[in-house]
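Here the protein sequences come in this chain order: A and B.
Following our numbering, the residues of the first sequence are numbered contiguously, the last one being 405.
Following our numbering, the residues of the second sequence are numbered contiguously, the last one being 473.
Don't read these hints as lab results, they were simulated from the structure.
Keep in mind that this is a model prediction, so the values were computed, not measured.
Some hints could be false.
[Unchecked claim] DSS-like, lysine-lysine: derived pairs with alpha carbons at most 25 angstroms apart:
1) 362(A) - 461(B)
2) 461(B) - 296(A)
3) 404(A) - 345(A)
4) 296(A) - 400(A)
5) 417(B) - 296(A)
6) 362(A) - 404(A)
7) 347(A) - 400(A)
8) 359(A) - 461(B)
9) 345(A) - 362(A)
10) 461(B) - 345(A)
11) 347(A) - 461(B)
12) 362(A) - 296(A)
13) 400(A) - 461(B)
[To be verified] Not close to chain B: a few residues of chain A, all C-beta gaps over 10 angstroms, as computed:
14) 325
15) 348
16) 356
17) 361
18) 365
19) 376
20) 393
21) 394
22) 402
23) 405
[Stated by the list, open to error] Sample of chain B residues with no beta-carbon within 12 angstroms of chain A, all distances over it, derived:
24) 368
25) 375
26) 376
27) 380
28) 382
29) 388
30) 393
31) 404
32) 415
33) 416
34) 429
35) 439
36) 446
37) 454
38) 470
39) 473
C-beta atoms are modelled at their ideal positions from N, C-alpha and C, and glycine is treated no differently.
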Amino acid sequence: DQQVKQNSPSLSVQEGRISILNCDYTNSMFDYFLWYKKYPAEGPTFLISISSIKDKNEDGRFTVFLNKSAKHLSLHIVPSQPGDSAVYFCAASGVGGSQGNLIFGKGTKLSVKP
Amino acid sequence: KAGVTQTPRYLIKTRGQQVTLSCSPISGHRSVSWYQQTPGQGLQFLFEYFSETQRNKGNFPGRFSGRQFSNSRSEMNVSTLELGDSALYLCASSLDGTGEKLFFGSGTQLSVL
C-alpha cells in the first residue's frame, strides 16, 4: 500500500510559467515532508521541506504548500527554467521520526521547454 | 567537504551470485540509509544504520543485509541475486537521521543477468 503518492508521472511546462507538482499521503502520523530533485545518473538532492506545523515554506523560486486536512502537498516552481527539468520526488518522514527512513513517492518527471 | 561516495558505480552480476556495495558518508555523518530505485517502484527504503547499529529496516527479504563500521562507512550485501534485484542502489547520509535532510550518493547501478 503506497503511503506517498505522486499521481502524475510526468509534467511539461513552458519556460517562465509556473510548475505545480502534487503529492498525496495517507498516513496522518507523517510530520515532516520533503522534496528532492533528481537528474539522470545522479543521486537525489534535497530541494525544500516543510514541517506539519506549517502550511507554507518558501525558498527562492520554490514554494511548498501543505494541506493537512486533505493530506496533500504541492511544490510550486515560479518561474520555471529549463534547468529545472528533472524527476521530483516527494517524501515523508516515517512514523517514529527517524528521517533515515523516508517514504518516497514514485516521482514526477518535469520537462521545462524553452 | 566531500559528498557521499558509492562504489562501484556500475556492476553486472548473474543470477545466484552475491554482491557487496560500499558507501562512504559525508565526514561527521553517523547515519547511513540505503534505498533501492526501480522505474516501477520509485525509491524504496532498505535499512538505516546509526553508530554501527541497524535502527530501521524496510520491507525487503533477508537476502538484503548491511552493516556499518566504526568510521560510519557502510556496506550492503545482496545474496542469491535475482533478476528483479536489478536497480539503482542509493546510499544517503545525515548527521543523526532525525530532522535532517539526507545527502545522497550517485548510486550503484546493478544489473543482474
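Consistency of the hints with the structure:
Proximity of residue 362(A) to residue 461(B) is assessed by CA-CA distance (about 21 angstroms); at most 25 angstroms being required, the pair is judged to hold. In summary, the hint linking residue 461(B) to residue 296(A) is supported, as the alpha carbons are separated by about 20 angstroms, within the 25 angstroms threshold. Only pairs whose Cα atoms come within 25 angstroms are accepted, and residue 404(A) paired with residue 345(A) is rejected, the gap being roughly 32 angstroms. Between the alpha carbons of residue 296(A) and residue 400(A) the distance comes to roughly 14 angstroms, so the proposed pair stays at or under 25 angstroms and holds.
Restraint check: the Cα-Cα separation between residue 417(B) and residue 296(A) comes to about 21 angstroms, which is no more than 25 angstroms; the hinted pair holds. With a CA separation close to 31 angstroms, the supplied pair residue 362(A) and residue 404(A) exceeds the 25 angstroms bound. Only pairs whose Cα atoms come within 25 angstroms are accepted, and residue 347(A) paired with residue 400(A) is accepted, the gap being roughly 23 angstroms. Proximity of residue 359(A) to residue 461(B) is assessed by CA-CA distance (about 21 angstroms); at most 25 angstroms being required, the pair is judged to hold.
Between the alpha carbons of residue 345(A) and residue 362(A) the distance comes to roughly 13 angstroms, so the proposed pair stays at or under 25 angstroms and holds. For the proposed pair residue 461(B) and residue 345(A), the alpha carbon gap of about 17 angstroms is at most 25 angstroms, so the pair holds. Restraint check: the Cα-Cα separation between residue 347(A) and residue 461(B) comes to about 18 angstroms, which is no more than 25 angstroms; the hinted pair holds. Of the pairs offered as hints, the one joining residue 362(A) and residue 296(A) holds, with about 11 angstroms between alpha carbons and a cut-off of 25 angstroms not exceeded.
Between the alpha carbons of residue 400(A) and residue 461(B) the distance comes to roughly 22 angstroms, so the proposed pair stays at or under 25 angstroms and holds. Look at residue 325(A): its CB is around 7 angstroms from the nearest CB on chain B, not clear of 10 angstroms, so calling it non-interface is violated. No Cβ of chain B approaches the Cβ of residue 348(A) within 10 angstroms, the least distance being about 13 angstroms, so the stated non-interface status holds. Residue-level check passed: residue 356(A) sits 19 angstroms from the nearest beta carbon of chain B, beyond 10 angstroms.
Residue-level check passed: residue 361(A) sits 22 angstroms from the nearest beta carbon of chain B, beyond 10 angstroms. No Cβ of chain B comes within 10 angstroms of the Cβ of residue 365(A); the nearest lies about 18 angstroms off, and the non-interface call holds. The beta carbon of residue 376(A) is kept farther than 10 angstroms from every beta carbon of chain B, the shortest such distance being approximately 18 angstroms. A beta-carbon of chain B comes within 10 angstroms of the beta-carbon of residue 393(A); the shortest separation is about 7 angstroms.
Taking the minimum C-beta to C-beta distance to chain B, about 7 angstroms, the non-interface status of residue 394(A) is violated against the 10 angstroms cut. Residue 402(A), annotated as away from the interface, keeps every beta carbon of chain B farther than 10 angstroms; the closest lies near 17 angstroms. At roughly 27 angstroms, the least C-beta separation between residue 405(A) and chain B is larger than 10 angstroms, which holds for a residue marked as non-interface. Look at residue 368(B): its CB is around 14 angstroms from the nearest CB on chain A, clear of 12 angstroms, so calling it non-interface holds up.
The Cβ of residue 375(B) sits about 26 angstroms from the closest Cβ of chain A, beyond the 12 angstroms cut-off, so the non-interface label holds. For residue 376(B), the condition that its CB be more than 12 angstroms from all CB atoms of chain A holds, with the nearest at approximately 28 angstroms. Every beta carbon of chain A lies more than 12 angstroms from that of residue 380(B), the smallest distance being close to 19 angstroms; the non-interface claim holds. No beta-carbon of chain A comes within 12 angstroms of the beta-carbon of residue 382(B); the shortest separation is about 15 angstroms.
The beta carbon of residue 388(B) sits about 15 angstroms from the closest Cβ of chain A, which is more than 12 angstroms, so the claim that it is off the interface holds. In this structure residue 393(B) is not separated from chain A by more than 12 angstroms, as the shortest Cβ-Cβ distance comes to only about 4 angstroms. Residue-level check failed: residue 404(B) sits 7 angstroms from the nearest beta carbon of chain A, not beyond 12 angstroms. A Cβ of chain A approaches the Cβ of residue 415(B) within 12 angstroms, the least distance being about 6 angstroms, so the stated non-interface status is violated.
Its closest Cβ contact with chain A, about 4 angstroms, brings residue 416(B) to no more than 12 angstroms, contrary to its assignment away from the interface. Remark: the non-interface label on residue 429(B) is consistent with the geometry, its nearest Cβ contact in chain A lying 17 angstroms away (cut-off 12 angstroms). The Cβ of residue 439(B) lies farther than 12 angstroms from every Cβ of chain A, with a closest approach of about 23 angstroms, so its non-interface assignment holds. Distance check on residue 446(B): its Cβ is at least 16 angstroms (rounded) from any Cβ of chain A, clearing the 12 angstroms threshold; non-interface status holds.
Distance to chain A contradicts residue 454(B) as a non-interface residue, since its nearest Cβ pair spans about 6 angstroms, not more than 12 angstroms. Annotated as non-interface, residue 470(B) keeps its C-beta farther than 12 angstroms from every C-beta of chain A; the closest such distance is 14 angstroms. With a least beta-carbon separation of about 21 angstroms from chain A, residue 473(B) lies farther than 12 angstroms from that chain, consistent with its non-interface assignment.
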